[in-house]
Amino acid sequence: MPANKGFSRRDRISEQIRRELAEVIQSELKDPRVGMISLTDVEVSPDYAHAKVYFSSMAGSDTLDSVQAGLQQASGFLRSELGKRISIHMIPQLHFVFDDSLERGAELSKLISEAVAISDHGEEPDKA
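UniProt numbering applies: residue 1 is where the sequence shown begins, and numbers increase by one.
Keep in mind that the hints were calculated from the coordinates and are not lab data. Some hints could be false.
Unchecked claim - In the DSS-like style, the derived pairs of lysine-lysine whose C-alpha atoms are separated by at most 25 Å in a straight line are:
1) 30 with 110
2) 30 with 52
3) 52 with 84
Unchecked claim - Between beta-carbon pairs, the in silico distance windows are:
4) 88 with 108: 36 to 46 Å
5) 114 with 28: 35 to 45 Å
6) 116 with 80: 48 to 58 Å
7) 63 with 116: 30 to 40 Å
8) 9 with 59: 48 to 58 Å
9) 59 with 16: 42 to 52 Å
10) 35 with 107: 20 to 30 Å
11) 121 with 40: 34 to 44 Å
12) 113 with 16: 31 to 41 Å
13) 116 with 76: 41 to 51 Å
Just so it is clear, CB atoms sit at the ideal spot from N, CA and C, and this is done for glycine as well.
Input sequences plus hints: build the corresponding full structure.
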């Protein structure tokens, strides 16, 4: 039996759930609260009963609560659509979680750019 089989079954199912949910949300979900979102990751529990769906939104953090409420309200519809598209024993309950890693990444990039600009100008930060 080979030692490294690549991705585990759970990883493959998580990725398939992410792809299918992204397609359903984009093409079939009509809730205006959801708008433009991007699914960044899906984590499926070991028993496949629950899935955390991480999303980011271009709308900003001020509409985050309404986006999350829209997704949670549509979770039954999304789960039934997954059942039609994916053949696994159990379709997991969907739990939507906001992923702020893109915002944090942009903030860190800005800080790095500022630090590089300061060092290029020969200015040293104040040492306390």
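Outcome of the hint check:
no. : hint                    : in the structure
1   : 30 with 110             : violated, 35 Å
2   : 30 with 52              : holds, 22 Å
3   : 52 with 84              : holds, 20 Å
4   : 88 with 108: 36 to 46 Å : holds, 37 Å
5   : 114 with 28: 35 to 45 Å : holds, 43 Å
6   : 116 with 80: 48 to 58 Å : holds, 50 Å
7   : 63 with 116: 30 to 40 Å : holds, 33 Å
8   : 9 with 59: 48 to 58 Å   : violated, 35 Å
9   : 59 with 16: 42 to 52 Å  : violated, 27 Å
10  : 35 with 107: 20 to 30 Å : holds, 22 Å
11  : 121 with 40: 34 to 44 Å : holds, 36 Å
12  : 113 with 16: 31 to 41 Å : holds, 37 Å
13  : 116 with 76: 41 to 51 Å : holds, 49 Å
In this structure, the earlier hints numbered 1, 8, 9 are contradicted, and the remaining ones agree with it.
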